[in-house]
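S.K.: Build the complex from these two chains, which are given one at a time in their own frames, with help from the hints.
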Amino acid sequence: MQLDGTTPIWIAATVFLNVRGEELIKHRDKVIKTLDPEDIHDLRVASRRMREGLALFAPCYPQESIKRFDKRVKNITRFLGDIRNTDEAILFFTTLANELDDTCRSDLEPFLASCCKERKQEVRTLKAGLQKVAAGGLLDLYRRTINTLSLFNPPDNDINLFSPLSGFAKDSLDSRFCSIRALLPQAREKGAIEAQHRLRIAVKHFRYRMEILSFLFGADYPQLYAAVKNYQDVLGTMHDLDVFSGIVHEAGFSPEAEKMVLDTILAKREKLFLDFSGMLETMPLETIGERVRNGL
Amino acid sequence: MKTELKELQTLKGVGEVLSRRFIEAGYDTFAKIVAAGEDELKKIRGLNPRIVQSIIAQAGEMAGEERKSKEQIIGELKAQVASLKCQVQAIALCVRDRYIDEVAGKTGKKMELELVKIVSSLEKAEGKLGNKVKKAGKGLAKAEKRLAVLTGSGLKGVEKGLKKARKSLKRIYV
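Heads up: the sequence lines are chains A and B, in that order.
Each residue of the first sequence is one higher than the last, beginning at 1 in our numbering.
Each residue of the second sequence is one higher than the last, beginning at 1 in our numbering.
Take these hints with a grain of salt, some might be off.
[Unchecked claim] Derived DSS-like pairs (lysine-lysine); straight-line CA-CA distance at most 27 Å:
id : chain 1 : residue 1 : chain 2 : residue 2
1  : A       : Lys30     : B       : Lys124
2  : B       : Lys117    : A       : Lys26
3  : B       : Lys117    : B       : Lys142
4  : A       : Lys26     : B       : Lys170
5  : B       : Lys117    : B       : Lys134
6  : B       : Lys132    : A       : Lys26
7  : B       : Lys110    : B       : Lys124
8  : B       : Lys128    : B       : Lys78
9  : A       : Lys26     : B       : Lys124
10 : A       : Lys26     : B       : Lys128
11 : B       : Lys167    : A       : Lys26
12 : B       : Lys106    : A       : Lys67
13 : B       : Lys109    : A       : Lys67
14 : B       : Lys124    : A       : Lys33
15 : B       : Lys117    : A       : Lys67
16 : A       : Lys71     : B       : Lys109
17 : A       : Lys71     : B       : Lys117
18 : B       : Lys128    : A       : Lys30
Derived from the structure by calculation, the hints contain no laboratory data.
Same shape as in the complex, but just chain B (with noise of 0.2 Å):
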């Protein structure tokens, strides 16, 4: 509520007491406000009819600020799935290069799977990225964690590591 108050407050022409009455009337957003029209905010008790134009007209302004910020947000969540695809990358490359001989037989294809369940998860999770932008961007910066520090570890620290990254990367599609 107190956010939605300041939020409101940025408008020219609303105070205190306008915010307040407008999100009593159920205009809690600036695409709210911009949606309800001229005539529905005129109903509100106490604000001037002359300025309810220039209010419609900056809250039009405000919201589209407010999209495009998500657009961005998306982007840089994107980003961020591409470079923890690259992780990925250098995680199966270190698991190669290291344990040679221990990747040849069924310790291989349990991290194969592994491996391909991530890959997997990543392109689930990108695919909702839009839908809950924080909740994404909390789930992949902890995938991040986890599957930073698993080029250094051993063969089955890196299936654990790799469990636990997926699981991070759920929240967000599930």
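If we strip away everything but chain A, and leave its shape as in the complex, we get (with noise of 0.2 Å):
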């Protein structure tokens, strides 16, 4: 259904869960049947997806409704998390051995086959785990939670569901970038790891947000979302960098390749700092921010 900045607030909510939950459950059946990386990602982007709009629209609901199915969806993100992170960790150490020498390669590629070991018996995991969650009812339970929409009675009073969707979009982004607006002081230090990863989660929701408000922005959007997501990826793999510096430590590698991987590993993380830094520079999150909050 086409909407837009009048539509209401219940009306669009109820859109909304039927539009992505439809998505979520044709992108599980997908994973149950391929078990393709892509595929696993796509779903993992569709839970999310759906957690953020659960968020958005969580006045229209009780709060045990949303909570219950929030956590059902949660339940699936967090499971392909595993899978997800080894395969991205077997791409970025396979680029890593063919960049290094002899010295690292010969550490390098047991622990690759090491991690291909370790995914083949995560993709059984994931294939039972995914049966379990098609046989729990995902579809009866979001199908559930739709139904109880709190039109006349709603849980929170102070806001008016029947009202024009546009300045409750505006408030909701607000909100998100808040989290942004708290967290950037802290995350422009270099060694602030922990802002920057949790910078790079409050950016992801925003850029979620966003997403499902596309239809009322202007003109602006495309550029907008696209400087968003360039930060979002910068931080996204800064943080992965720091993951796999973490899985180097506890690999056991002779203490000449480990030093040599977390060399280079740091000095990429560095230059994507400097990426960071100038995008700070050149496109200020601040005035993203104002920018999105306009063109509403």
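M.R.: Next comes the structure, spelled out in structure tokens:
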């Protein structure tokens, strides 16, 4: 259904849950069939989008009902996380093995072989788990959640669910942007790994919310969306490198190989941090937030 | 058959006899004539080979117009769905304002469920508008008619009316 700024909040919530719910179920069924890494990624993204939508439209539904469904969707996201992380690690260390010399390669190759073995085990667990999810009545739960809309007795009395979506959207984007603004000063510091990780998550939530409400934006949307996505990509790769460093510490490489791999990872991270700092100069996040607000 | 005959006769160079021969050969629409191509059309008895190209060109234009008009109709149907959405919102507002005490309890829950269901049905129907345009037009018109009277109805009447409107919409997507 075509939605716009004048669409009442409750209708937008119903339409959103309908569309995203179908999408989630479709992706889940596809993964059960193929177990393809790309399909796994798509299902993970679909589950995250659904969760962001649930957070956005939570004022339309009783808290318990939303919580129950959100918990189930969160399980899917987490469940797929392990295999996705292994896929990312295999991809990264395979590229690294080609970049580095033989000293490292003799350590990296058996490590990669163990990663592949681990992946096979994870595929088995995933298959069994997804079938459990399929049998667990995800579809029923999602339909039941849609049907619990509290239109006449909303859980949050400050929001009028009959009012147009535009004002509600502005406030909800503002609330997401507040977390970004709060984390920015700390994340600018090179060694503030935790703050950068939290900023990545805040940017991701903001991006998903932008996506959900994309139909309300004007011609500026593609540019703003691309800018937010760039931030998320850079911060995401920085976080991946931090995770890979941790893996290397525990992998039991020879001291020489460990040092070489860690130095390479550190160099890559430093370059990414420079990119991130550059982005903060050329396209500051504060400006993006302001333009998003004005674009609505 | 009669409609197809008349339609084909709008092509310059095609009369009563030729239009019948076109249909007998399986070319009963402009699109099929275009798809058949020059060589196949030349096989039709009595058709002057010199006008085949012109017929294909004319049929191509007509087929384009047919497509355009279908798109236009779908556009109109979408606008109708949007107007039904406004009608549903008006009904919900009316219920809230007129029956503020009644909708606080179980009755309100029932009404909410009906409202959610009708929005979901509208959503599903909109997804199928392109498949059966005529059926969709009829279904939407019927739903519109049923919803139009509900702002003045009592609670039971609204519930019943929403159910009936949903039934009309269901015919579009089932």
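S.K.: If a hint holds in the structure, say so; if it doesn't, say that too.
M.R.: Tested hints:
1. Lys30/A x Lys124/B: holds (22 Å)
2. Lys117/B x Lys26/A: holds (21 Å)
3. Lys117/B x Lys142/B: Holds, at about 17 Å.
4. Lys26/A x Lys170/B: This hinted pair holds, its Cα atoms lying about 22 Å apart.
5. Lys117/B x Lys134/B: holds (23 Å)
6. Lys132/B x Lys26/A: holds (24 Å)
7. Lys110/B x Lys124/B: Cα-Cα ~21 Å, so holds.
8. Lys128/B x Lys78/B: Since the Cα atoms of Lys128/B and Lys78/B sit roughly 11 Å apart, the hinted pair holds (cutoff 27 Å).
9. Lys26/A x Lys124/B: Judged against 27 Å, a Cα distance of about 16 Å means the pair holds.
10. Lys26/A x Lys128/B: holds (18 Å)
11. Lys167/B x Lys26/A: holds (26 Å)
12. Lys106/B x Lys67/A: holds (22 Å)
13. Lys109/B x Lys67/A: holds (19 Å)
14. Lys124/B x Lys33/A: Status holds; Cα separation ~26 Å.
15. Lys117/B x Lys67/A: Holds - the C-alpha atoms of Lys67/A and Lys117/B are around 22 Å apart, at most 27 Å.
16. Lys71/A x Lys109/B: holds (24 Å)
17. Lys71/A x Lys117/B: holds (24 Å)
18. Lys128/B x Lys30/A: Answer holds: Lys128/B to Lys30/A is near 23 Å, not above 27 Å.
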